[in-house]
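Chemist: Sequence:
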Amino acid sequence: MMFWFALLLLAFAALVPLALAARMRAALYGRREAALTLHRAQLAELDRDFAQGRLLPAEQAAAKLEVERRLLASAALTDLPTNTTSIRTIAVLALVIPVAAYGLYRIGGHPELVGAVPPPPPQAEAAPPDAAEIAGEDNLVQRLHTMLAQMDPHSPRAQEGYRLLGRVELGRRHFAGAIEAWHQVLAVAFDPTIAAMCAEVIAEQAGKITPESVALWRRALKEAPADAPWRPMAEKRLAEAPLDALQVPNPASN
8 MMFWFALLLL AFAALVPLAL AARMRAALYG RREAALTLHR AQLAELDRDF
58 AQGRLLPAEQ AAAKLEVERR LLASAALTDL PTNTTSIRTI AVLALVIPVA
108 AYGLYRIGGH PELVGAVPPP PPQAEAAPPD AAEIAGEDNL VQRLHTMLAQ
158 MDPHSPRAQE GYRLLGRVEL GRRHFAGAIE AWHQVLAVAF DPTIAAMCAE
208 VIAEQAGKIT PESVALWRRA LKEAPADAPW RPMAEKRLAE APLDALQVPN
258 PASN
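Residue numbers (our numbering): 8 to 261.
Hints listed in this document are in silico derivations from the structure and should not be mistaken for laboratory results.
One thing to keep in mind: the hints can contain errors.
To be verified - Think about it this way: if two alpha-carbon atoms lie no more than 16 Å apart in a straight line, the pair counts; the simulated EDC-like pairs of lysine to aspartate or glutamate are: (1) Lys71 / Asp54; (2) Lys71 / Glu52; (3) Lys71 / Asp56; (4) Lys215 / Glu247; (5) Lys215 / Asp251; (6) Lys243 / Glu211; (7) Lys229 / Glu242; (8) Lys71 / Glu167; (9) Lys229 / Asp198.
What you are looking at is a predicted structure, and each value in this text was computed from that prediction instead of being measured.
Sequences are here, hints too, so could you generate the full structure?
Modeler: Take a look at the structure:
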């Protein structure tokens, strides 16, 4: 008997937040707004991890690309119109749901078997991308190149496309493609964040900190806000730069 009482108590406790939300008339998020909020928070967390050195550029780019894909998919969602539910209706549901669950469990449940089911086996590691996935990425990159070739490179849409292309190429560890795409962005308008990412990729491709990376980091730090999340990373890279790279004039300031 205590088992059934505990189940009912837990069911009612789980519905307490619902009752409180109804009483306070809290605004409910639609699925589109909730998804967008979640994905934006994930992007901010990735930027913090990258700035604190917990993620490599390629890892950050791959993770951001996946989140941005989800963000684009979530932006296309449409929320169904919702009707405000009365407090009385919610209160009735808060009573009916636990009782109905109790009745269903009484019919087909087996409380004596609780804990007797062995835990599921550990999940296998994610398999490496297969040929079809690689071909799909190649197709995406080709479509981006085709689309961008037909646009005015100075247009905001083209600039956003080059930003995305750079992240896609970095996620595929095609460093030259990422650098070329971000150079298209910087040639139109200097973006400190893009410059810092481009500098990191240039250094990674070369296997060392280069004069071009130093120049981009210097200008990025000069023009970025004081709370830029990647600022500690850029300052650390400049502190690690060899003397011959630091003494070269800054071409990005021209």
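Chemist: Under the constraints set out in the numbered hints, which ones does this structure not fulfil?
Modeler: none
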